[in-house]
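Given the coordinates of chain A, assemble chain B onto it according to the supplied hints.
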Amino acid sequence: MTVPRPDPDVLLRRVQDQAARARRGQLKVFLGASPGVGKTFTMLEAARAKRAEGLDVVVGVVETHGRAETARLLDGLELLPRASREYRGTLLEEFDLDAALARRPALLLVDELAHTNAPGSRHAKRWQDVEELLAAGINVYTAVNIQHFESLNDVVAQITEVRVRETVPDSILERADEVELVDVSPDVLQQRLREGKVYVPEQAGRAIERFFRKGNLIALRELALRRTAERVDAQMRGYMAERGIQDTWAAAERLLVCIGPSSTPARLVRATRRMAARLHADWSAVHVETARDQRLTAEEREEILRALELTEQLGGRAVTLSGQSAAEEIVAYARAHNITRIVLGKAKRPRWRELFQGSLLDALVRTSGGIELLAITGDEEEGGQPRTAATPSGQSSPRDYLAAAAIAVIPTAIGVPLRRAGVTIPPIDAAMLYLLAVVVAATRFRRGPALVASLVGIASFDFFFVHPYYTFSVSDVRYVLTFAVMLVVALVMGNLTGRIRTQAEAAREREQRTSALYALSRDLAAARDRDAILAAALRSLRDTFAVEAVFLLPGDGGAVSPAGPAPYVLDERERAVAQWTFDHQQAAGRGTSTLPAAAALYLPLSSSDRAVGVVGIPLADPAQFRDPARRRLLEALAGQTASALERLALAEHSRQTEVEVEAERLRTALLSSLSHDMRTPLASIEGAASTLLQEAEPDLAARRELAATIVQESQRMTRLVANLLDMIRVEAGTLQVQKEWQLLSDVMGVALLRTDAQLRGHPVTTTFPRDLPLVAVDEILLEQVFVNLLENAAKHTPPGTPIDVGAEAGTGEVIAYVADRGPGLLPGEEETIFQKFYRGGAGSGGIGLGLTICRGIVTAHGGKIWAENRPGGGAVFRLSLPITGTPPELVPEETIPEGQEIEVGSAWTVRPPSSS
Amino acid sequence: MDRPAPLVLLIEDEPQMRRFLRAALGGHDYRLVEAATAKEGLAQAAGRNPDVILLDLGLPDTDGLEVTRQLREWTRTPIIVLSARGREQDKVAALDLGADDYLTKPFGVEELLARIRVALRHASLQPGDAPDPVFEMGELKVDLAQRQVFRAGQQLHLTPTEYRLLVALVRHAGKLLTHRQLLQEVWGSNFITQTHYLRIYIMQLRQKIEPDPTRPRLLLTEPGVGYRFKAD
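In order, the protein sequence lines correspond to chains A and B.
Positions 291 to 1206 (the numbering used here) are the ones given, in order, by the first sequence.
Positions 268 to 499 (the numbering used here) are the ones given, in order, by the second sequence.
Since the hints were made in silico from the structure, they are not lab data.
Any given hint might turn out to be false.
With a Cα cut of at most 25 Å, we get these calculated SDA-like pairs of lysine to any residue [as the list claims (entries may be wrong)]: (1) A:318 x A:359; (2) A:1029 x B:380; (3) B:372 x A:582; (4) B:475 x A:1044.
To give an idea of the chain B side of the interface with chain A (calculated C-beta under 7 Å), a few residues [said to hold, decoys possible]: (5) 283; (6) 481; (7) 483; (8) 490; (9) 491.
Predicted model only: the values in this text are computed from it and were never measured.
Beta carbons: idealized from backbone N, C-alpha and C, even for Gly.
Chain A on its own, in the form it takes in the complex (with noise of 0.2 Å):
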């Protein structure tokens, strides 16, 4: 005997809940049995109270058909414009959605929470809006009757012999904050009926007059009143979860409900809902997909389907297998989720194809171990659909019937020349001849054109073998078995290769559906980029499922926008159908309940609980995807692109942090550096000047000392500012660049001069090619980027060590230098000495900007500036400066010959300009 623990998941899921209840808004159902007993009046009312108490009230949709009392009510309150939409010539007015949620009032009152909205509309049902509402933190009061609930619309329909089509999935009653349920006595209601206080639609008037039945009402009452206990012992039950009462675990049940083509599968589920509401359980359905669902009708399909989407309506989880056996599958599942109970339907079909092909039941009793049991009678819907006939799936084709025949007609066509020629064959090794063909044409063919051999043999064995000859009567009763065996030989060899195609076919779908996932896995693993991921999933989804794809990602906003070109119209419409998709994380458009008026399908890219995008595939056919394997399959493509736009996305994120790590470094960095630089010449100067005012007498020489103490320090006080203040306006963008036409000699020129005393005992040479074109730039700051470069060379280098200087013209470039012969560079300083506040070699002195601020000038003039290490030692500093325009050229003047006269200086007394 184990000892009950609490499950996990259960805990998991509470906390959850809980936390996701927080955020949601509350929603309280007003609940009644039938129409008429008064929901809507006493909604309105409890919404005045709490007007009244000063909370913000708005009224979404409240119908109040005609009723004066009612309408009374709606005085005062704020009342929601409703949305028109034209639909077919007709104009429907609806519970305008987007403005409630924009109006985000603190309770909304949304009264028939099971009607169905107007075609266009963004949700299917009115229900769906509320759920909207809600996740959107807003509290809503909305109306519903009994009837309306879907595991109750069997019984509601057994009751009342009204069927309700517009159901309300019972999860919406249960995940309600409150219930308010609102009751009067059957005689009463009956009395307002009669009164005219009943809503009445007149086409229904008849249906109307039974549904009100006392009998009906009565037995709706008790429904409602049930119903509203089993929440009120839920509550009570999760009370006593949370405070860790033991006893509440024990009763864990869990129900799995079979779902098969052989019962009526929906039935099925509502009954096992109703079963596990009682229990308190916890339910399932699935589906065992196996060789023979091959075989299903269309309509059988169609059916399971609906079932398993009903089951997940109505708040169970819906489970698909795949297998070769109903039985060892669902057994095998049960296991795994430690199922207590396996719900299925009763057979419906003949006995002796159960003694033949096995049941279901039979196998699960014998292997269900301390499974229970549970097989309840799949009654006929009324009204009864009629059952097309199967059509195997793997259908025969006329020529696979005629090829069949003729395999057949070879051991006729052997046998008769020989006996013409003499050889008689007896009819014994004739009826083996003729079962080696049917054989074959049985392995070959499946079970239909099998038996068409059989009987071609048959008849020609008869015929021609069996005496009388060329006759169909038969002398021995003996060959009546030969017949028979040959038939059942086709017959058993017909389906059993029938079946072995059909299990190779779903071995075939599972392999595309694995290499399917494997490729893009593969793919998905080698992108580097999103656009690559992208590439990778639209391949996968057009290899896939043969659709075109677009996906749509968030930007900053949150706003998903396309990323590639879309494969249809992607309008205003259909991207806001996108958008509730990706802030929902639920799929949404075309074959789905929500907004299925878009032109596509939209699934959310989710993963690790949010969504990175949402891929948008345009369906021809709504239904496209319903299957669920193929949707499965969708999902899982879905899913890995999602892991991997995430992966990308947290690599990305890790990125940054990185560089925001880096920059913070820097920040502190330069902090200290230039706390110490200028601290450092300021206390200089000012140790400096102090001593020279306190030194009463202080002798000449010491005088002269601290004095060039103060004018050394200042100097690289001021240096140290400049160049801060160049590295800001670098760094800000402001550097305006006031191109000329220069030559560059004469910038360097200016540069050695004001370098002078750095490079005094560095021998310079200077090296410019007289045809040297003109270049457009910003002299003063190519100087600051000389003097920079210089004053590096000069820092960097040992006294007595050449500097050379000098440009050359490339193509479209001129390309200026200064190179040293100093230690040079180590490896892989090339790019980190332009970094801010590297500082190359020791003692340098400076603070690591100067080479910072030339690739700021030089790039600001569109043009490069790089270091490496020169041949035979020593760095050389490049930097090319493009040659933008046709640089200007002059006429050459011939020297003046001699002793001619020329003219010179008209204008030399404009000085000052203003007396002239």
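Using the frame of chain A, we list chain B on its own:
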């Protein structure tokens, strides 16, 4: 000499700058008049008739350029503009308005004294005075009367434009000439924007008169402003 010490008018709003200049000039036999605002400066210029004016371009009340313009309406007293680095446009504008020279802050005492000396010397030349017919600087000798140029005793062959340019520079030796002033003097007022003419002829001239044209010692470039021929 019995001439009184030259009078310097300093128009500068920064007290620290004034204190430094007071100490620097006082120690070198200059008399100093101080003004903290443009208004006061203009009044002192009219009242004291200084020999040279040091004008800070960043004054609190009136723009230094405007002060230069107003001064040049009535006086030819040399004006030396003081400005911060990176304001080359202002310097050029001031020079074109008639200022004689500029100094970039921060500057040393030696530099300041040299500029004042050049300004005083140019001011002492009266417009009617015939210029010295022969200019000599180091190895270079320009005979203005003979229109001949020699380097280390060797006659140089210049083009007419080169010669005009050289003459313009040596006649104002030590004084900063803006691009505009040089272009106007050598090429005429239609060419005042063609600075590349100037750059190319300057280079050609350096090839002929400088021992190392890429490291000029005589014909100096003032980046973004103009050229100056070395004096003293």
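Violations among the numbered hints: Hints 2, 3 and 5 contradicted; others consistent.
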